[in-house]
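Modelling step: build the complete structure from the supplied sequences, incorporating the hints.
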Amino acid sequence: MENIVSIIDKKKGKNKSTYTVIFKDINRIKNIRINGKIYVKKDLELGKDYIVKGKLEKYNNERNYMGFNQRLYMYSRSNYFKIIEHNEKIEEYKKGVKDFFDIYNDISKIILSNISKYRIKHREILEKYVRNKYLLEGIIVGDIDNVDENIKENFKDINSYHLLAISGSHMAYLMVIIEFMVKKIKIRKRKYKHYYNINNWNVYCSCRIFTCSFKSRDI
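Mapping to our numbering: the sequence shown position 93 is 1487, numbers consecutive.
Treat the hints as calculated values from the structure; they're not laboratory data. Quick caveat: nothing in here was measured; it's all calculated off a predicted structure. Don't take every hint at face value.
[To be verified] Straight-line Cα separation of at most 25 Å, DMTMM-like style, residue types lysine to aspartate or glutamate; simulated pairs:
1. Lys1476 with Glu1439
2. Lys1408 with Asp1419
3. Lys1489 with Glu1396
4. Lys1410 with Glu1482
5. Lys1447 with Glu1396
6. Lys1489 with Asp1500
7. Lys1442 with Glu1518
8. Lys1492 with Glu1439
9. Lys1436 with Glu1451
10. Lys1435 with Glu1479
11. Lys1476 with Glu1486
12. Lys1404 with Glu1479
13. Lys1405 with Glu1451
14. Lys1511 with Glu1547
15. Lys1476 with Asp1437
16. Lys1410 with Glu1451
17. Lys1488 with Glu1543
18. Lys1452 with Asp1493
19. Lys1435 with Glu1521
20. Lys1436 with Glu1518
21. Lys1515 with Glu1479
22. Lys1405 with Glu1479
23. Lys1515 with Asp1493
24. Lys1522 with Glu1479
If you want it as structure tokens, here you go:
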């Protein structure tokens, strides 16, 4: 089965990387536009399209009564399929003449891949300077996959769960807008370097806001 996908997110693992993709075509059925995942050793570039020859598989349902249901969890995150048995048969896809759907898809994948680049850069900063980085990942970039379930419940108990999901997403969109504006006005290279300091400043501000919010609750 031949699938055309757009790469919009990446997470590195020990042996393979996990890529979040937008399916454009599934086995020659065009203009699908649903999200999924692929696990590969190859280094794929964010924002690019690839042809992947493999089999689509749904996520697992709960195996035990009241156990973890991966399918419902992934559906809640708008992920519906994963590509398996591809044997690394992946090549870059380039289309000549583009229709309206292609242009719309290009705009969407550029925005989402830039948000992902922002998140990856912040993960690298947190890995370098913070020992237990998972909580700050949730607050700064909205990535709560690795946050302990007990911590999530504690946030819900004090009505602060939105700090983990919403604030990170808002910061990501803000940084993409700033980056777009900086590139548009063509700031000189020696001035443009100050933009990268925003990333570090963003981390600092987030930590301060996070600390103050908890002090206000006497925690």
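So, going through the hints one by one against the coordinates:
A C-alpha spacing of about 18 Å is found between Lys1476 and Glu1439, which places the hinted pair at or below 25 Å, so the restraint holds. Distance hint between Lys1408 and Asp1419 is unfulfilled; the C-alpha atoms sit about 30 Å from each other, more than 25 Å. This hinted pair checks out: Lys1489 and Glu1396 have alpha carbons roughly 15 Å apart, not beyond 25 Å. Taken as a hint, the Lys1410 and Glu1482 pair is honoured in the structure, with Cα atoms around 11 Å apart against an allowance of 25 Å.
With a C-alpha separation of about 4 Å, the suggested pair Lys1447 and Glu1396 falls inside the 25 Å cut-off, and the hint holds. Between Lys1489 and Asp1500, the direct Cα distance comes to roughly 11 Å. Compliance with the 25 Å bound is thereby established for this hinted pair. Among the hinted pairs, Lys1442 with Glu1518 is consistent with the structure: their alpha-carbon atoms are about 22 Å apart, no more than 25 Å. With a CA separation close to 21 Å, the supplied pair Lys1492 and Glu1439 stays within the 25 Å bound.
For the suggested pair Lys1436 and Glu1451, the alpha carbons sit about 20 Å apart, so the restraint of at most 25 Å is met. A hinted pair counts as satisfied when its Cα atoms are at most 25 Å apart, and Lys1435 with Glu1479 qualifies at roughly 13 Å. Straight-line distance between C-alpha atoms of Lys1476 and Glu1486 comes to about 19 Å, which keeps the hinted pair within the 25 Å bound. This hinted pair checks out: Lys1404 and Glu1479 have alpha carbons roughly 19 Å apart, not beyond 25 Å.
Of the supplied pair hints, the one linking Lys1405 and Glu1451 holds, its CA atoms being roughly 20 Å apart against a limit of 25 Å. For the proposed pair Lys1511 and Glu1547, the alpha carbon gap of about 29 Å is over 25 Å, so the pair is violated. Between Lys1476 and Asp1437, the direct Cα distance comes to roughly 18 Å. Compliance with the 25 Å bound is thereby established for this hinted pair. With a C-alpha separation of about 18 Å, the suggested pairing of Lys1410 with Glu1451 holds against the 25 Å cut-off.
Proximity of Lys1488 to Glu1543 is assessed by CA-CA distance (about 42 Å); at most 25 Å being required, the pair is judged violated. Annotation: proposed proximity of Lys1452 to Asp1493 is violated, straight-line Cα distance about 30 Å (limit 25 Å). With a C-alpha separation of about 22 Å, the suggested pairing of Lys1435 with Glu1521 holds against the 25 Å cut-off. Taking the CA atoms of Lys1436 and Glu1518, the gap is about 20 Å. The hint holds against a cut of 25 Å.
Taking the CA atoms of Lys1515 and Glu1479, the gap is near 31 Å; set against the 25 Å cutoff, the hint is violated. Distance restraint check for Lys1405 and Glu1479: the Cα-Cα separation of roughly 20 Å lies within the 25 Å cut-off, and the hinted pair is therefore satisfied. A distance of roughly 33 Å separates the Cα atoms of Lys1515 and Asp1493; the hinted pair therefore is violated under the 25 Å criterion. A distance of roughly 35 Å separates the Cα atoms of Lys1522 and Glu1479; the hinted pair therefore is violated under the 25 Å criterion.
Of the numbered hints listed earlier, those contradicted by the structure are 2, 14, 17, 18, 21, 23, 24.
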